[in-house]
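Novice: Everything in the sequence shown is counted per the working numbering, starting at 73 for the first residue and increasing by one.
Be careful, since some hints might not be right.
Computed cross-link-like contacts, SDA-like style, restricted to lysine to any residue with a CA-CA straight-line distance of at most 25 Å [claimed, not checked]:
no., residue 1, residue 2
1, K171, D296
2, K257, E268
3, K169, D209
4, K121, G192
5, K101, E224
6, K107, K154
7, K96, G192
8, K169, D296
9, K107, P83
10, K279, A253
11, K172, Y157
12, K292, L270
13, K169, A284
14, K96, K178
15, K121, E191
16, K97, L229
17, K103, T88
18, K101, D202
19, K277, A247
20, K307, E251
21, K107, V230
22, K118, P83
23, K107, S175
24, K169, K307
25, K101, D296
26, K172, R228
27, K87, P126
28, K292, G273
29, K178, P137
Label-pair distances were calculated between CB atoms; the ranges are [to be verified]:
no., residue 1, residue 2, range
30, M133, Q254, 43 to 49 Å
31, E145, A91, 27 to 33 Å
32, D199, T152, 22 to 28 Å
33, H275, D146, 53 to 59 Å
Just so you know, these hints were derived from the structure itself, not from any lab. Beta carbons are placed, not taken as given, at the ideal position from N, Cα and C, and that holds for glycine.
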Amino acid sequence: MLDFIVFTILPDLIKTFTAQSLIKKGIDKQKFSIKTVNFRDFGIGKHHKVDDTPYGGGAGMLLRPEPIIDAIEDVEKKLTGKQLYKILISPQGEPFKQKKAISLSKLDATIGLICGRFEGFDERIRDFVDEEISIGDYILLGGEIPAMAIIEAVSRLVPGVVGNDDSLVDESFQADLLEYAQYTKPLNFRDKVVPEVLISGHHQKIKEWRQACSISRTRKNRSDLYQLFINSQHKND
């Protein structure tokens with residue numbers, strides 16, 4: 073079973089997430105588990121302080137290393153069997169992409185997601201993690217939303233979580249391409265008609281149309297992905 077532990081000072085945000093939709097069903101079916109650890113419980117002094125002013129001056133507060141590292145080490149002492157694979161959620165991390173989600177879904181370890189708050193982390197925290205991940209080039213109030221995005225992207229790859237596992241095959245980013253256009257009823261909506269090939273019943277022509285659509289859409293909207301696709305085609309030639 074895939075296990076996640078989210079290190080956060082706002083565990084209720086994560087608990088609300090775990091009570092919804094397919095995430096809740098996946099947990100109920102024991103396809104994966106999601107637990108939270110409030111590193112404020114390991115905070116300094118009677119007020120359980122987790123942050124402080126930065127040396128050298130500057131705006132805002134930084135998370136201190138002791139509460140986070142103490143929380144991590146406490147979890148590691150209690151884990152049996154699997155190791156804790158520690159991921160620091162940070163704008164400075166590796167961009168999170170579908171290939172990373174796939175690799176994490178196959179990881180034989182408990183995935184620990186460390187969520188920041190305030191202006192960032194004490195630099196020394198980085199010495200205690202396995203990798204850093206970013207979900208995009210923008211700044212949020214904390215790491216909880218990225219943690220939920222990572223959990224959702226990874227957990228849905230676990231067999232049996234998504235109702236039809238075949239739906240995981242032809243998705244955006246699976247082959248460095250965006251997903252092809254899809255249609256449902258009605259056949260004609262405000263003079264916008266479903267492409268004829270999709271109602272032809274000719275499976276090979278539908279497959280070819282979808283591939284061409286994916287390539288065209290990727291070339292138009294994501295030139296970076298399109299170049300990766302072209303390079304992969306050249307390697308296969």
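Novice: Which hints, by number, does the structure contradict?
Specialist: 7, 18, 25, 27, 28, 29
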